[in-house]
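Protein chains: 4
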Amino acid sequence: MVRIELQIDLNYEIDEHGADFVFNIHAAHTLSQTISAEKLLLSQPVSTRLHTDPVSGSRYLRASGLPGHLALTYSATADLLHHRAEPAQLAEVPVRDLPPEVIGYVYPSRYCESDRLINLAIREFGGLPQGYQRVMAIRDWVQQRVTFRPGASNSNTSAVDTLIEQAGVCRDFAHLMIALCRALSIPARFATGTDYGADVALGPPDFHAYVEVYVGGRWYIFDPSGTAIPMAFVRLGTGRDAADVAVATIFGGVKAQPPVINARAVDDPSRGMELPHHCREALSTDSGPLA
Amino acid sequence: MVRIELQIDLNYEIDEHGADFVFNIHAAHTLSQTISAEKLLLSQPVSTRLHTDPVSGSRYLRASGLPGHLALTYSATADLLHHRAEPAQLAEVPVRDLPPEVIGYVYPSRYCESDRLINLAIREFGGLPQGYQRVMAIRDWVQQRVTFRPGASNSNTSAVDTLIEQAGVCRDFAHLMIALCRALSIPARFATGTDYGADVALGPPDFHAYVEVYVGGRWYIFDPSGTAIPMAFVRLGTGRDAADVAVATIFGGVKAQPPVINARAVDDPSRGMELPHHCREALSTDSGPLA
Amino acid sequence: MVRIELQIDLNYEIDEHGADFVFNIHAAHTLSQTISAEKLLLSQPVSTRLHTDPVSGSRYLRASGLPGHLALTYSATADLLHHRAEPAQLAEVPVRDLPPEVIGYVYPSRYCESDRLINLAIREFGGLPQGYQRVMAIRDWVQQRVTFRPGASNSNTSAVDTLIEQAGVCRDFAHLMIALCRALSIPARFATGTDYGADVALGPPDFHAYVEVYVGGRWYIFDPSGTAIPMAFVRLGTGRDAADVAVATIFGGVKAQPPVINARAVDDPSRGMELPHHCREALSTDSGPLA
Amino acid sequence: MVRIELQIDLNYEIDEHGADFVFNIHAAHTLSQTISAEKLLLSQPVSTRLHTDPVSGSRYLRASGLPGHLALTYSATADLLHHRAEPAQLAEVPVRDLPPEVIGYVYPSRYCESDRLINLAIREFGGLPQGYQRVMAIRDWVQQRVTFRPGASNSNTSAVDTLIEQAGVCRDFAHLMIALCRALSIPARFATGTDYGADVALGPPDFHAYVEVYVGGRWYIFDPSGTAIPMAFVRLGTGRDAADVAVATIFGGVKAQPPVINARAVDDPSRGMELPHHCREALSTDSGPLA
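Chains as they are written, first to last, in my numbering: chain A, 1 to 291; chain B, 292 to 582; chain C, 583 to 873; chain D, 874 to 1164.
Rather than coming from a laboratory, the hints here were simulated on the basis of the structure.
In this text, a Cβ means the ideal position worked out from N, Cα and C, and glycines have one as well.
Hints may contain errors.
Derived list of chain B stretches under chain A, where covered just means 3 residues or more per stretch with a C-beta under 8 Å from a C-beta of chain A [claimed, not checked]:
| # | stretch |
| --- | --- |
| 1 | 403-412 |
| 2 | 463-470 |
| 3 | 532-542 |
Not close to chain C: a few residues of chain D, all C-beta gaps over 12 Å, as computed [what the hints assert, rightly or not]:
| # | residue |
| --- | --- |
| 4 | P918 |
| 5 | T925 |
| 6 | P972 |
| 7 | S982 |
| 8 | Q1006 |
| 9 | R1018 |
| 10 | C1152 |
Label pairs and their calculated CB-CB ranges [as the list claims (entries may be wrong)]:
| # | chain 1 | residue 1 | chain 2 | residue 2 | range |
| --- | --- | --- | --- | --- | --- |
| 11 | D | M1009 | B | Q298 | 53 to 61 Å |
| 12 | B | P441 | A | N156 | 24 to 32 Å |
| 13 | A | I122 | C | L632 | 50 to 58 Å |
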């Protein structure tokens, strides 16, 4: 088991009209991710509502901010107990056998225009043996072609843009990998979380975007930007792409400061806790919420 | 009440590998749309599975077609009893008050890149009084700018393309109207159905794409292409955009013939049935399924 | 006559491989623009070649920079004696009567995708009386829709992007106006120069991008961003769009500092010099070089 | 020497307003391409003007068509005497040494967005030895990735679209190859001509689009679609991309029938004429006109 102690600090300046927020900063409740010791502090005396998506376990916090400064601090302890599998044993699931709640993830979305990439995906990956290994080949292909370069992309950048311009941040790597999987009818979705173990040269700890792909009957984690240690990702949300799971969707005139994120792994073998590390097994956080 | 007797005929040639289909041709079960006398015939002895989406009431049929010809005939009687409202009384719902299952419809999607249209939407519509009438102004704006021209667009065409090139079919009108609504944080979704009363000059009866917008606490029907009579639309599916609710999503090598669609209104005032006609009231089919 | 005393300072840091430059910072030699007292200083002892385009009079300086700092200073005096015309008397020229060297400017180019804007341009401007006034209507349309916002665009941004996103800098205003003119078969080209009289709130004096449109048998100046005084523009280059007339096209690894530009008008009525001011007459710098 | 006897038949229906045409169907006069026995017939008694571009030798015919049917027949004999070179001896020319009239062909253009492909081009081809062989590697890369499929593209399709969707016609292959060359600062241009020897499965003889790349101090022919025999191409025009050298640019309401093209090689060894065949040498038609 991996235990992560997490703290997220967000700061905004809201203009004179006030602004509405939808935050997705609560760690998701899933079968593999147990959350405890959760605290949420807002600097304004505003009412909030927390909604848990019944399918994904993602939690959305809505708040209406008043003009002026708004600070939000979220802290929690996340215990991660992944389902692990042998990569060679994870087969792709034929479209005819996909569960209804999964099939939407083979369709194109705002930032993952898989409908335009079908020829390319078939040419590059169509001849490979199907399964987890083919998905790994897609991940590697993306990682080899795209350069991590903050500032090279913006919030409008899509998978097609990234395929052409070959530079971006974790979100762009994720969108391109997802689009390629879907072009082959492999369900893939966008996940946001907190990273851990990222190269400090890439900047301070930040929110992270990565990919979950449905093979062998479960959603498995892939990290196409290759910047962090997947075993330590605390999942916040999953969706079609970044449009669905922005950490903060803001309606109104707001200036945001960079988030401050702290994710510390607890190293206590006596209690069965191990430090996060790269591993060759496939890791799944099981998509389901606590039923 | 409007009663529509419906028949849909689809024909495909499937290549030697066979193909998987997800059809969305069953009329949706909703509180306002009652379906009876339903029949489905397939020319191949293949097993099918029908899945009803618990939120939208849309029904998805999955089938694995064998090589060769596949014919599918669906017929049903749909009784439509719309919720009607006075347009002037339908206000927009602030983001903070949107139900959780509605909020996803203010986000951009594959064919509705609302994130790129915010400046434009605010400039064109930001000064208008909020409510149903503003949505009508968006509908009119789209209708005035886009020319109905089969062949001017294809399955990759998005709202941004249509805004630039100003020609397309009903699907393109719908995508552009949806994108503009979302750019103003008004929830809007894509609906497919069968049309009725369309100008014969536009071709034989066909599937139709239109828009539902969430105002006054319900989803109301809008027909930006202005080609048919909304009161007679039999709803098949709703989704983010055409990616979600294709009448047929096909995985494999298949040639499709044009669909043949027959929608006949029953004119029987003695049983409370009226013929579909244009009306100035707002019409809602209530988004909910039969709970 | 308007006399402008001009100084341009450019500074670059060149990486260890050196870099090639094509500068277009010399004021063009045209029938209306007489250049004197010209000086060019480079901080590196590198050989340069100056090429004058025989058609446009634009001058291109090529230099191969060595690793390290490269500073370039160009100064000159430009005497501007515009051809002036009464707007109401400037008719559009039918395509059949365009001179061969002009016809290329009705074709689409990298940043001016006029081929996609034909429906839109005809709908918006097709019913207006032809001539200079119609071009003014296009200029006003662009000015009303696009917001001047540094950082909203980048070097890949095209007219279609600007039409959608409605924000940009002078270059983007110019591209959109050019694309709309060409969509109506009105020849239009991109011009670079130095600005004068720009609102200081927009930042320090800078290079400027504006538009020349061929009506009444000559190229006339239009300033769609509306940020400066056209009578004082010192023309550097003209081309299809920004791809042709970058102030500096750089081949190699180079970091550029912001340019420092000084354009001072000489106020000496005794010698026939007037200060630049906005005027209602049409101004042409005559496209031709000193034959 | 290769002798081609050429006939081109074009047919149009012009609407009631008449229409202006700019044709580029005359075989270019160049040092390597000698034209004789030229005939032009128009079915309407309209005046025409023929303009020869002084730089490229391309000839443009302007005509104003009357309402109704317009038929145009052009026939000529073209004697092609290519400059031939050993591929291994053709080096790339550094930007600093490019002639002024060539440098424009490293800039991006409407259908060749080389500015967006720099990372990709460097990653794929940056490590290869420079010269003709690197250009061949680009040609092969394009040929391997793009599938020849009429109907997969339209007149708005650009190199970026083709890179993503990987299907198109000769024009699309050419645009993508050009964009990749320019992204590496190798001058490349679009050429139109008549093809010869194309696989009949691809359809009847047609106009052809191919590429000329500037290496070793000359423009050499490349045929990225690989559909015909370069030695027999009769050059009509060259330009930045298809925007510059449309076979017919039409201003007005016109319906075009498919062109009928006949290109016959004369096989007469006694007069030094050989039949066109694939050869491993580099072929140049010398860009210059008859000076």
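Hints and how they fare:
no.	hint	verdict
1	403-412	holds (count 4)
2	463-470	violated (count 0)
3	532-542	holds (count 4)
4	P918	holds (16 Å)
5	T925	violated (9 Å)
6	P972	violated (9 Å)
7	S982	violated (5 Å)
8	Q1006	holds (21 Å)
9	R1018	holds (22 Å)
10	C1152	holds (33 Å)
11	D:M1009 <-> B:Q298: 53 to 61 Å	holds (58 Å)
12	B:P441 <-> A:N156: 24 to 32 Å	holds (30 Å)
13	A:I122 <-> C:L632: 50 to 58 Å	holds (52 Å)
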